[in-house]
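Q: Now for the letters of each chain:
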Amino acid sequence: MNILWIQRLSCCGNTHSLLNCETFDSLLREVSFLFHPSLSAEGEEEVVEDVLKGKLKVDILLVEGAVKVDDERIKELCRMADYVMAVGSCASYGNIPALKDDSVCGLQYRFKEKGGLLGSDFVSKGGLPVINVSGCPAHPEWTAGVIRSLSRGIKPELDSWGRPKEFYSSLTHWGCTRNEYFEWKIEPESLGSKKGCLFYNYGCRGPLTYSSCNVILWNGVNSKTRAGTPCFGCTEFDFPRAGLFETKQFAGLPAELPIGVSKRGYIMLSGIAKVFAPERLKLED
Amino acid sequence: MRIEKRLLARVEGTAQLELVWENGRIRDARVRIPSSRGIERVLEGRPFMDALVITPRVCGICGHAHLMACVKALEDAIGHVRLSQKAKLVRDITLMVEMIQNHIKWFYLFVMPDFIRLGEKLDEFEPFRGKRWKEAISVASEAIKVIAIFGGQWPHSSYAVPGGITSNFTSTDVSKALALVSRVEGFFLESLVGMPVEAFLSLRKHGSWEGLKGDVKLFIDLCFKYGLERVGMSYGRLLTGGEVFPCITPGHFTGEKKLCSLNISKIREADGSPYSGAKRVRYNGMPYETGPLARQFLSGNPFVKRLHKMYGDSYMVRVLSRLLEVWELTSTVKEKLTSLYSFIKEPSCQIPFQKPERITGEGVGIVEAARGTLIHRVSIEKGVITRYHIITPSVWNLGPRCEKYLGVAEKAMIGLENPIHAEMVLRSFDVCSVCTTH
Ligand code: SF4
Ligand code: SF4
Numbered sequence: 001m002n003i004l005w006i007q008r009l010s011c012c013g014n015t016h017s018l019l020n021c022e023t024f025d026s027l028l029r030e031v032s033f034l035f036h037p038s039l040s041a042e043g044e045e046e047v048v049e050d051v052l053k054g055k056l057k058v059d060i061l062l063v064e065g066a067v068k069v070d071d072e073r074i075k076e077l078c079r080m081a082d083y084v085m086a087v088g089s090c091a092s093y094g095n096i097p098a099l100k101d102d103s104v105c106g107l108q109y110r111f112k113e114k115g116g117l118l119g120s121d122f123v124s125k126g127g128l129p130v131i132n133v134s135g136c137p138a139h140p141e142w143t144a145g146v147i148r149s150l151s152r153g154i155k156p157e158l159d160s161w162g163r164p165k166e167f168y169s170s171l172t173h174w175g176c177t178r179n180e181y182f183e184w185k186i187e188p189e190s191l192g193s194k195k196g197c198l199f200y201n202y203g204c205r206g207p208l209t210y211s212s213c214n215v216i217l218w219n220g221v222n223s224k225t226r227a228g229t230p231c232f233g234c235t236e237f238d239f240p241r242a243g244l245f246e247t248k249q250f251a252g253l254p255a256e257l258p259i260g261v262s263k264r265g266y267i268m269l270s271g272i273a274k275v276f277a278p279e280r281l282k283l284e285d
Numbered sequence: 001m002r003i004e005k006r007l008l009a010r011v012e013g014t015a016q017l018e019l020v021w022e023n024g025r026i027r028d029a030r031v032r033i034p035s036s037r038g039i040e041r042v043l044e045g046r047p048f049m050d051a052l053v054i055t056p057r058v059c060g061i062c063g064h065a066h067l068m069a070c071v072k073a074l075e076d077a078i079g080h081v082r083l084s085q086k087a088k089l090v091r092d093i094t095l096m097v098e099m100i101q102n103h104i105k106w107f108y109l110f111v112m113p114d115f116i117r118l119g120e121k122l123d124e125f126e127p128f129r130g131k132r133w134k135e136a137i138s139v140a141s142e143a144i145k146v147i148a149i150f151g152g153q154w155p156h157s158s159y160a161v162p163g164g165i166t167s168n169f170t171s172t173d174v175s176k177a178l179a180l181v182s183r184v185e186g187f188f189l190e191s192l193v194g195m196p197v198e199a200f201l202s203l204r205k206h207g208s209w210e211g212l213k214g215d216v217k218l219f220i221d222l223c224f225k226y227g228l229e230r231v232g233m234s235y236g237r238l239l240t241g242g243e244v245f246p247c248i249t250p251g252h253f254t255g256e257k258k259l260c261s262l263n264i265s266k267i268r269e270a271d272g273s274p275y276s277g278a279k280r281v282r283y284n285g286m287p288y289e290t291g292p293l294a295r296q297f298l299s300g301n302p303f304v305k306r307l308h309k310m311y312g313d314s315y316m317v318r319v320l321s322r323l324l325e326v327w328e329l330t331s332t333v334k335e336k337l338t339s340l341y342s343f344i345k346e347p348s349c350q351i352p353f354q355k356p357e358r359i360t361g362e363g364v365g366i367v368e369a370a371r372g373t374l375i376h377r378v379s380i381e382k383g384v385i386t387r388y389h390i391i392t393p394s395v396w397n398l399g400p401r402c403e404k405y406l407g408v409a410e411k412a413m414i415g416l417e418n419p420i421h422a423e424m425v426l427r428s429f430d431v432c433s434v435c436t437t438h
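Line by line, the protein sequences give chains A and B.
With our numbering applied, the first sequence has no gaps in its numbers, which climb one by one up to 285 at the end.
With our numbering applied, the second sequence has no gaps in its numbers, which climb one by one up to 438 at the end.
If you're looking for bench data, these hints aren't it; they were derived computationally from the structure.
Even glycine gets a Cβ: it sits at the ideal position worked out from N, Cα and C.
Each hint should be verified, as a subset may be incorrect.
[What the hints assert, rightly or not] To be clear about the criterion: a stretch of chain A counts as covered by chain B if any three or more of its residues have a C-beta under 8 Å from a C-beta of chain B, and this derived list gives those stretches: (1) 7-14; (2) 31-37; (3) 98-110; (4) 189-203; (5) 233-246.
[Stated by the list, open to error] The calculated DSSO-like cross-link candidates involving lysine-lysine, where the alpha carbons are at most 27 Å apart (straight line), are: (6) B/K336 x B/K176; (7) B/K258 x B/K305; (8) A/K195 x B/K176; (9) A/K55 x A/K185; (10) A/K282 x B/K345; (11) B/K88 x B/K134; (12) B/K309 x B/K225; (13) B/K355 x A/K282; (14) A/K100 x B/K382; (15) B/K404 x B/K266; (16) B/K131 x B/K121; (17) A/K155 x A/K114; (18) B/K131 x A/K248; (19) A/K274 x B/K355; (20) A/K125 x A/K114; (21) A/K195 x B/K336; (22) A/K57 x A/K68; (23) B/K355 x A/K195; (24) A/K185 x B/K355; (25) A/K68 x B/K5; (26) B/K5 x A/K55; (27) A/K195 x B/K345; (28) B/K258 x B/K205; (29) A/K68 x A/K125.
[As the list claims (entries may be wrong)] Chain A stretches covered by chain B per the calculated footprint, using a threshold of three residues with CB under 8 Å from any CB of chain B: (30) 41-51; (31) 212-221.
The following block holds chain B by itself, in its conformation from the complex (with noise of 0.2 Å):
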């Protein structure tokens, strides 16, 4: 038996994996995440409104499904709190944009350079020279603006409040933004799965990925040529916990046949161990997987209900299903910007006048960020914050076993033969380790 310590480069934040070998096989695997900054102590015995400010800090990619877990939180907190539908369509437009530069610079940023590290000869997707690797930083700057025009900027923008928005923009500001999300659109039918959207749309409607081109069918490729189609599957339990009509349904998957709805008060989180500074948390008792994967299952997607039929949860489909989200996204975010037109007179903001003060309540809001279920938990004493929890997707993912059960990632990794594929099985799961601990 020998113990292999490695540090992982190209993950959000610092992460350590610890793999132990008998026989040339994985036989266990920890996966440590340094301690935290503290920022739920932070929060404590302030306004409740610098919620709204400081959560987004816990991560610099996915800050903003902060800002929307947090105001829903502090909503339900105060209670009574009625949107317009011109904020509401805002607010799920951004958070779906988050996703979207998040998808593109993982896929192209911490995934495919692996492949140049088994020994691949991937000259467009080399790190800084690349031409693949730089067009999709700035694919991904170009979504960011559609952020920044309804937020202010990204990252880490606060304009989400209790009662709606804070900003205010014209139909020419809508236009722009539909223009950058048809410059995704047409990236990702261009590079990512390389044809028309004729030709996308009818292998979509039965979900052959076969037919799949472009970058896509090349990852699909290498997946074959590395034996990577298979592997990495965790317990097959699967969960979605926000909502974003029509792409995003909540839900859990047993692993059996049926899906079936949540039920938000069977999540549990425990401390963590003594070898990560991750929690964990538990949905019955039992591990779960959530992110893209357990999000577009979930949700019906075509492509993904056939890839995990044939493949299970591996690395290949966990993988794919990032990628292929980015369409359902895009498509959404079109569709909710072209009916924001017709919302642009309602007011961005309203809020039910009281003071401070006299707010006193317990709050819990749930999102979908790019990696998967986050949610936020506050308590709220004469305007001041008592208590904030946090549970982001990535504790879901990476925290550490219990007595019971190892973690999802910890799982995935075991019985593989090569220390990069061990890597590569965990960077599937969009590590982030600045939001593990936050």
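Extracted from the complex, chain A is given alone in its bound form (with noise of 0.2 Å):
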């Protein structure tokens, strides 16, 4: 499997995620890259025109970071692999770059509409539209599973957002070691506490937000939420939404509901468990 790893507008985040991949070694025996930006010892323009040419065959083609509405040179490529996936949410959906310039978006999405770059019909070679392994960055495990199921040739079943269904159909909310604070109701006191549900005022989108964060760790030690800070919903066409840390309430209401509750069912069951919560939830230690 020949791999091919591109870079425009981006941080560079995802490449250094995906080097804490803990098979990361294993990794680099399965595959080759013809090319990676940070780690390779030649230069880039060589390579591109040889796979340009046919002279070199890509299988999959990496893109970090979010393209210009008229980068040909990505497209023409894109056309010459057999796959093509989108590395974190800036080539996925256009992320942070795009939000103050309109010349600007991802692969095949622009935020919530789809287009991008490559037109809302593009397929590749392979026979898949772009594979968007969104997140702020994409995790190390997921980007490196889909390497090796395509390089198995098993083709990833694609949510409706272009993403995996294997690592993007439960929500961030699935592991969180704050989950029975959610259950019942409670609220931390302050950020820096190890209880409490951060839901309810520190905007926490785990119950919105489709990753697996929590269930694949990050580093293979830890999440954002087990850490006490808020999942901020980064793998999600919208990210970074405005008011990260709060939660926008309506009525007394959280103004999002858990994806899938209905506004009756939430107020009856919060009431309820409110009253009921134990005791031993409700004390710091």
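From the two separate chains plus the hints, produce the assembled complex.
A: See the structure below:
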């Protein structure tokens, strides 16, 4: 499997994230990098020329960073590759670089809108649209996982946002150590507390964000919410929203409820939960 | 006169080098950094806490330093924010660990492959294949786990908030962090300097760099072989803004004898030039180099002091300063982790409660990032950011020229005879174009 990694408007965070992959060494034995901007000894131009001339075959093209709407180079490269992966939310949806610049987008989306640089109908040679490994940055195990699947001939199933279902069909909320506080509607007294759920007043997007951060931990040891930081919803098209540490309230209720929860159900359950919450959960130690 | 353009690989982001050749020597050099992502503009009009999430995204390798500069600037603007000793220690620890991982990756991934390009046979250091190359990545990722233990993840965590940190941890977590740091220390001693700790410390006492072994020795030998021990000097002016006791002290060195204190009101940033997306920054009107060489020189690292005396601010000395700083950082992290045990019961975060709408003010945050002095300035009105301004380390080193002076890195390349040497000298500043333009 030949991999070509190209960067555009990025912070290089997805590269450094991938370097944390616990099995990076074995990944390097399974696939070969034609070029990576931070890692290769030689320059980019020759490799890209050879690819475009058809002298070198690209099995997977990985793009890190948002792109300009008129980036013909990337378009051409995407046509040459069997599979195209957008690594990180910038390449997937445009993200921060696209916020104040209309000429910037993701490969197949611009935020919510399908289209992006390649157009909504784009399908790569291998028969898949752009595989969006969203996240700011993408989790190393997600990126490596997709590369490994493709290299074994397994095509990942994608969700309606172009993301591999395997990593994006559950919420950040899954596996969060604060779930019990969520269920009983217990808020932390302040940031820095081990206890309490961050959904109620610190803007946690865990129940509204598809990601497996609390199942496949970061750096093998932790996650944002376990470390007391709210989830900011970085795998979703609308990251970064405004007011990242706030829970917008509407008539005493969170303005947005967890995915799939009805307003009525929420009101009924949360009232009861609060009243019957076990004492042990309310104590700070 | 011949003009040559080179696109640089193995840097953070994209950078272009334009060399003007005359009689086989570089007569002029320009560092071009492409256009920016507009992060400062993205921040305007947002609730001030959002800056804690957005500013780390300036850079994938030193995002944590941005978080620290940001939280300091916010605390300065809010006023009267007290921190527990616990929060202070943890912030210092994670900041330094980010530098450690940077330095290790940089040397093995960015610096050593240049010697392969010069024709040296260095199998162990070959990208994607070399044993040492892979080992460096794995050691760096081990170190990073320390940040994740306290901060939730790396890259891009936002666990420092006005008043402290969001995480609450146990003494077992601290012990695990200590174990991870010991592994880095082991790598430094075995692979980088190739000797047991007592031997290293006795060399360190007098800065006897000649006695170092391991990959550092290999690097020094290669520098002499290719004539890189005296080239790549810039103005010799060095500056450090942040402070982490005892391994980083702020100050500046004008190139003459005396070390001076730093007055941040003398720092000025002006718009860049037509050829680069980067701005330029001057201290007292003069260009200054920032980064490990400046830091270790100003903090009195015995190795760096002697090296600097013998070879000035050359390519070799700049690279060695970064490598030897790994020791200073690692031992300081160990000390701080050890003292953390006694503060574990302190609160992680104490925020003097104020409604965000009531917060109006201006603040500055200065820290040392891997590449040098990083400054964030923020203006907040009724809880909303009205202005955000970032001066990154790379702006000091890689920013363009002004009417009077060439940029620091530009100056360092004048007179060189080999284009790969020019790239190497430029890389010795640990080029980060994503930071430079942000
Ligand atoms: S902190 Fe966030 S992810 Fe964790 S339980 Fe609460 S809402 Fe869910
Ligand atoms: S916890 Fe949320 S913000 Fe953090 S990495 Fe996961 S999806 Fe992104």
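Q: Does the alpha-carbon distance linking B/K258 and B/K205 stay inside the 27 Å limit?
A: Roughly 22 Å separates the two Cα atoms, so the pair holds.
Q: For the pair supplied as a hint, B/K258 and B/K305, is the alpha-carbon distance within the 27 Å limit?
A: Answer holds: B/K258 to B/K305 is near 13 Å, not above 27 Å.
Q: Counting residues of the region 189-203 of chain A whose CB is closer than 8 Å to a CB in chain B, do you get three or more?
A: Coverage by chain B holds for the region 189-203 of chain A (5 residues, Cβ < 8 Å).
Q: Holds or violated: A/K155 with A/K114, Cα cutoff 27 Å?
A: This hinted pair holds, its Cα atoms lying about 21 Å apart.
Q: At least three residues with a C-beta closer than 8 Å to a C-beta of chain B: is that true for the region 31-37 of chain A?
A: It holds, with 3 qualifying residues against the three required.
Q: Run the distance test for A/K55 versus A/K185: straight-line Cα separation, threshold 27 Å.
A: violated (60 Å)
Q: Given the hinted pair A/K195 and B/K176, is their alpha-carbon gap at most 27 Å?
A: Holds, at about 22 Å.
Q: Between the alpha carbons of A/K57 and A/K68, is the straight-line distance 27 Å or under?
A: The hint holds at about 25 Å.
Q: Do three or more residues of the region 212-221 of chain A come closer than 8 Å to chain B, measuring C-beta to C-beta?
A: holds (count 5)
Q: According to a criterion of three or more residues whose C-beta lies within less than 8 Å of a C-beta of chain B, is the region 7-14 of chain A covered?
A: holds (count 7)
Q: Hint check: A/K195 vs B/K336, CA-CA at most 27 Å. Holds or violated?
A: OK: A/K195 and B/K336 at ~26 Å, within 27 Å.
Q: Holds or violated: A/K68 and B/K5, Cα atoms, limit 27 Å.
A: Given pair A/K68, B/K5 holds - Cα atoms ~23 Å apart, limit 27 Å.
Hint compliance for this structure: hints 9, 11 and 18 are not met, and every other hint is.
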